[in-house]
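Q: Given only the sequences and the hints, what does the whole structure look like? Please build it.
Add 15 to a position in the sequence shown, counting from 1, and you land on the number used in my numbering.
What the hints contain is simulated information worked out from the structure, not anything from laboratory work. Hints are not guaranteed to be accurate.
What the hints assert, rightly or not - Estimated spans, in silico, between C-beta atoms of each pair:
#, residue 1, residue 2, range
1, Pro132, Gln99, 15 to 25 Å
2, Val71, Phe183, 16 to 26 Å
3, Trp114, Thr75, 17 to 27 Å
4, Ala137, Gln97, 26 to 36 Å
5, Trp114, Gly80, 20 to 30 Å
6, Gly207, Pro132, 18 to 28 Å
7, Phe183, Pro143, 37 to 47 Å
8, Arg136, Glu74, 37 to 47 Å
9, Lys202, Val71, 18 to 28 Å
What the hints assert, rightly or not - As a list, the in silico DSS-like pairs of lysine-lysine whose alpha-carbon atoms are at most 27 Å apart:
#, residue 1, residue 2
10, Lys123, Lys179
11, Lys119, Lys86
12, Lys179, Lys202
13, Lys69, Lys209
14, Lys202, Lys86
15, Lys123, Lys86
16, Lys89, Lys123
17, Lys202, Lys119
18, Lys209, Lys89
19, Lys89, Lys202
20, Lys179, Lys86
21, Lys209, Lys123
22, Lys202, Lys69
23, Lys89, Lys179
24, Lys119, Lys89
25, Lys209, Lys119
26, Lys69, Lys179
27, Lys86, Lys209
28, Lys202, Lys123
29, Lys69, Lys86
30, Lys123, Lys69
31, Lys69, Lys119
32, Lys89, Lys69
Just so it is clear, CB atoms sit at the ideal spot from N, CA and C, and this is done for glycine as well.
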Amino acid sequence: MTLPNRGRPSRYRIGPGLACVMSIALMMLVDFASARSALSDRPPLPAMGPSLRKTVAFETTEQPGTIVIRKGEKALYLVTRQGQALRYQISVGRDGFGWTGVVKVGAKTEWPEWRPPREMRARQPDLPQMVPAGPYNPLGARALYLSRDGRNTLYRIHGTNDPKGVGFDGTSGCFRLTNTDVIDLFKRVAIGAKVVVQ
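A: As structure tokens, this is what we get:
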């Protein structure tokens, strides 16, 4: 049914097509405002953190591509050539959670999800079963999964969404870098790379 124009000039008339477009635009504005409101309720996105990487002299018999972790120094070294390495500042396991040995990089993941191990959830019952991938995940932007004899050790070399959380004894046995540095390390390290933890 068409309503009478009541004598309005044609330039003031709103045709059915234009009315439909205006309704859609209005709905989109409402949806956008709702989305903005929902996003504003979330905490701000974390900073990627500074790069704490340096090229250093490093004497070792290990081959280029090997990772050497010196827990006492809170440092991860990636051997780049004979006598040289990239040094990354890291956090290491707190008292009772340190370990040593030789493992391998069994897998690598960008923006990993986090599934706290059963043992960790037993110590901290409030932990979720899984935290989805993304910038609010405690594993940060990248994770290198460490394995021994083909089996997952549950230990990781990973990033963090708290750049101030690097350089301490504060993990449950994993090795934590800033997101900026773990992204750099991730690109340089191959699956199967040897990792020596001292």
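Q: Against the range 18 to 28 Å, how does the distance between the Cβ atoms of Lys202 and Val71 compare: consistent or not?
A: holds, 19 Å
Q: Compare the distance between the alpha carbons of Lys86 and Lys209 with 27 Å, and conclude whether the hinted pair is satisfied.
A: holds, 16 Å
Q: Can the suggested window of 37 to 47 Å be confirmed for the beta-carbon pair Phe183 and Pro143?
A: Cβ of Phe183 to Cβ of Pro143: about 24 Å, so the range 37 to 47 Å is violated.
Q: Would the hint linking Lys119 and Lys86 be met if the CA-CA limit is 27 Å?
A: With Cα atoms ~17 Å apart, Lys119 and Lys86 stay inside 27 Å; holds.
Q: Measure nothing beyond the straight line between the CA atoms of Lys89 and Lys202; if it is 27 Å or shorter, mark the hint as holding.
A: Given pair Lys89, Lys202 holds - Cα atoms ~21 Å apart, limit 27 Å.
Q: Within 27 Å, alpha carbon to alpha carbon, are Lys202 and Lys69?
A: holds, 16 Å
Q: Within 16 to 26 Å: is that where the Cβ-Cβ distance between Val71 and Phe183 falls?
A: The hint (16 to 26 Å, Cβ to Cβ) holds, given that Val71 and Phe183 are roughly 21 Å apart.
Q: Under the criterion that the straight-line Cα-Cα distance not exceed 27 Å, is the pair Lys119, Lys89 satisfied?
A: holds, 19 Å
Q: Against the 27 Å threshold, does the CA-CA distance of Lys202 and Lys119 hold or violate the hint?
A: holds, 16 Å
Q: Is the hinted range of 17 to 27 Å satisfied by the C-beta distance from Trp114 to Thr75?
A: holds, 20 Å
Q: Does the structure keep Lys69 and Lys209 at a Cα separation of 27 Å or less?
A: holds, 21 Å
Q: Is Lys209 within 27 Å of Lys119, Cα to Cα?
A: holds, 5 Å
Checked against the numbered hints above, the structure breaks hints 1, 4, 7 and satisfies the rest.
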